[in-house]
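Enquirer: Those protein sequences? They're chains A and B, same order as listed. Mapping of the first sequence onto my numbering: residues 1 to 360, in sequence order. Mapping of the second sequence onto my numbering: residues 361 to 631, in sequence order.
Hints were generated in silico from the structure; no laboratory data involved. Honestly, I wouldn't trust all of these hints.
Result set (EDC-like, lysine to aspartate or glutamate): computed pairs, CA atoms no more than 20 Å apart in a straight line [as the list claims (entries may be wrong)]: (1) Lys133(A) x Asp108(A); (2) Lys342(A) x Glu238(A); (3) Lys30(A) x Asp55(A); (4) Lys133(A) x Asp172(A); (5) Lys30(A) x Glu535(B); (6) Lys133(A) x Glu458(B).
Away from chain B, derived, C-beta distances all over 10 Å, residues of chain A [unchecked claim]: (7) Arg28; (8) Glu56; (9) Leu94; (10) Ala114; (11) Arg190; (12) Gln327.
Ideal Cβ positions, reconstructed from N, Cα and C, are used throughout, including at glycine.
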Amino acid sequence: MSARAAGGIGPVSGDGVIVARDLTKRFRRKVARSSRLLQRLRGRREGDSGGTPRDEWIVAVDSVSLEVRPGEVLGLLGPNGAGKSTLIRMLSTLVEPSSGRAVICGHDVLEAPAAARACLGVVMAGERHLYWKLTGRENLHYFATLYHVPARAIPDRVEAVLERLGLTARADELVERYSTGMRQRLSLARALLHDPPALLLDEPTLGLDPQAARALRELVLELKAEGRAILLTTHYMEEADFLCDRVAIIDHGRIVACDTPAQLKRRLAAHRLFRLELAGLGHDPERLRARLGDLSVVSAQEDAEASVTRLTLAFSNGRHDASDILQVVFAEGLHVLGFSVKEPTLEDVFIAMTGRALRD
Amino acid sequence: MRAAWAVARKELLIMLRYPTWSVGLLVWPVLFPAGYVFFGRALAGPAGEGLAAFEARAGTADYVGYVLLGTTLWMVLNSALWMLGSHLRMEQWRGTLEANWVSPASRFGMLAGAGAAQVLQSLTLLGVTLIELRLLYGLAPRGSLALMAVLLALSVLSVVGLGLVFASLVLWVRETEAMVFLVRGLFTVFAGITFPIDVMPPWMQAIGRALPLTYAIRSLRGVALAGWGWDQVKVDALAIACFGIVSLALGIGLFRAVERMARQMGSLAQY
Chain A
1 MSARAAGGIG PVSGDGVIVA RDLTKRFRRK VARSSRLLQR LRGRREGDSG
51 GTPRDEWIVA VDSVSLEVRP GEVLGLLGPN GAGKSTLIRM LSTLVEPSSG
101 RAVICGHDVL EAPAAARACL GVVMAGERHL YWKLTGRENL HYFATLYHVP
151 ARAIPDRVEA VLERLGLTAR ADELVERYST GMRQRLSLAR ALLHDPPALL
201 LDEPTLGLDP QAARALRELV LELKAEGRAI LLTTHYMEEA DFLCDRVAII
251 DHGRIVACDT PAQLKRRLAA HRLFRLELAG LGHDPERLRA RLGDLSVVSA
301 QEDAEASVTR LTLAFSNGRH DASDILQVVF AEGLHVLGFS VKEPTLEDVF
351 IAMTGRALRD
Chain B
361 MRAAWAVARK ELLIMLRYPT WSVGLLVWPV LFPAGYVFFG RALAGPAGEG
411 LAAFEARAGT ADYVGYVLLG TTLWMVLNSA LWMLGSHLRM EQWRGTLEAN
461 WVSPASRFGM LAGAGAAQVL QSLTLLGVTL IELRLLYGLA PRGSLALMAV
511 LLALSVLSVV GLGLVFASLV LWVRETEAMV FLVRGLFTVF AGITFPIDVM
561 PPWMQAIGRA LPLTYAIRSL RGVALAGWGW DQVKVDALAI ACFGIVSLAL
611 GIGLFRAVER MARQMGSLAQ Y
């Protein structure tokens with residue numbers, strides 16, 4: 001059954017360059033024939049009349065809707081196996097959706113896949129997506145032809161992306177001699193050859209050293225500033241925080257939250273930690289608790305040598321903030337040596353939304 | 361067309377980056393038929409008295425030429441078939457299939473480019489082989505070179521269609537070895553590369569008649585060794601052309617179906 005027929009999805013409106021509506025992908029996990037036979041034989045021997053194992057349907061992506069506008073970076077944040085890559089593959093026409101609809105620059109990926117692909121620059125996860133026995137320049141010449149860059153424009157276009165990605169000096173070396181970071185940059189150079197309005201970046205900084213990852217992130221911000229719509233998958237929360245205008249948290253194929261990183265973290269006001277450093281020893285944190293009922297003491301340490309007490313406090317609901325604590329502290333006549341607030345991270349948000357850590 | 365040319369150029373460039381390929385190109389065309397040639401010499405007896413029996417069956421006493429033409433065609437068409445058949449598998453193995461398929465280029469155009477690169481390699485193999493066989497075995501075709509070129513072109517067409525069929529099957533089952541051995545075995549035994557097929561039992565001859573290589577070998581042998589003209593080879597040429605048309609149509613249909621199935625199963629990148 002076609003995705004359109006199954007989904008009954010109406011026309012896609014809005015100004016999204018990359019649009020998904022109720023996109024779902026189910027895969028059949030086949031039970032090996034040998035396992036079936038073995039199970040059947042075992043069942044007979046043990047007098048078990050139970051059925052033999054059947055094929056299972058795995059839902060890799062479950063009714064995902066999203067929209068990426070020009071000049072926006074939308075991050076898909078989730079652990080391995082959450083469905084990020086399957087979603088990217090559906091949007092790039094490599095995997096056919098089971099239901100729902102995906103549209104790139106107004107082109108439905110099922111009805112006009114070639115037109116959709118022409119609008120897309122794709123960087124797949126991993127470094128094997130280039131020809132290692134060709135030079136960087138030869139790779140780009142080859143892919144420029146596949147992306148319908150006019151023959152006369154190819155040398156200039158290739159030179160321009162090589163220059164932009166800082167690969168000119170090594171352009172005539174075989175890719176097998178490149179570092180992981182250079183290969184990743186070459187993949188991005190390839191994705192930019194035809195100047196696409198939409199980019200799909202699947203784990204673009206995976207395996208890169210911190211310096212290379214940082215350079216690539218800065219480039220992504222440049223591409224965003226040029227007005228490109230960028231959908232980026234990552235399981236690095238710092239990357240999502242740094243790069244993305246909005247972050248969609250995906251788990252078990254479903255988007256469980258989608259908002260700006262700041263808004264997502266604001267939802268977890270209760271996870272904000274207040275660190276207080278007080279002069280002297282023997283302070284009783286319960287006196288503070290008595291004044292602010294929903295305050296909890298996460299930890300209390302005394303440094304006898306420095307004659308300092310360090311308290312880590314939190315509110316069980318989000319109604320109070322830092323000024324409430326300071327008011328109470330000053331009212332108690334305590335001498336404050338230091339005060340800081342630790343905001344919740346996207347990882348905290350992820351754990352709160354899914355009940356597990358990003359790297360589980 | 362541009363995609364086809366880009367793929368052909370890329371494949372040839374990659375091939376040139378593995379220079380040991382040239383060793384195989386030079387050595388194999390001479391070694392492969394040598395075993396059959398010496399076997400024939402042993403069977404013919406010290407004075408070649410057994411050749412009369414061979415001539416009665418094969419229509420020529422030139423068993424060396426007979427074997428050389430058979431093995432040469434087998435090598436050329438076999439390499440074209442398998443290089444094209446395993447092209448998508450090779451792209452999966454390299455990890456580049458998805459990178460190609462997220463581009464807007466026509467997938468048939470890309471496959472045609474791979475086919476063109478394989479045909480060019482096969483023609484290079486043919487050229488080198490003919491030169492070596494002339495120098496080492498004294499092989500000198502008698503018939504029309506133009507007619508041989510036409511027959512060869514038709515044979516290549518049928519092999520490209522079969523290659524497309526196998527490229528699709530390989531994408532489906534994600535394994536090439538079993539099919540390589542099966543079809544290579546069929547071609548080696550049933551197409552009569554070193555003997556006339558009528559020495560086989562009738563059921564084996566029937567299988568031989570279902571293989572395009574049988575007609576290609578028979579007609580090209582006739583032209584090269586016996587100087588046959590168009591009238592004598594037109595039936596074989598028609599058979600080869602029919603094989604080509606049917607296998608191309610089958611290949612295109614199968615490729616479309618398997619490519620769709622691979623997208624539904626999400627198995628394009630799996631190997």
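Enquirer: Could you work out which of the previously given hints the structure breaks and list their numbers from low to high?
Expert: 1, 7, 9, 10, 11
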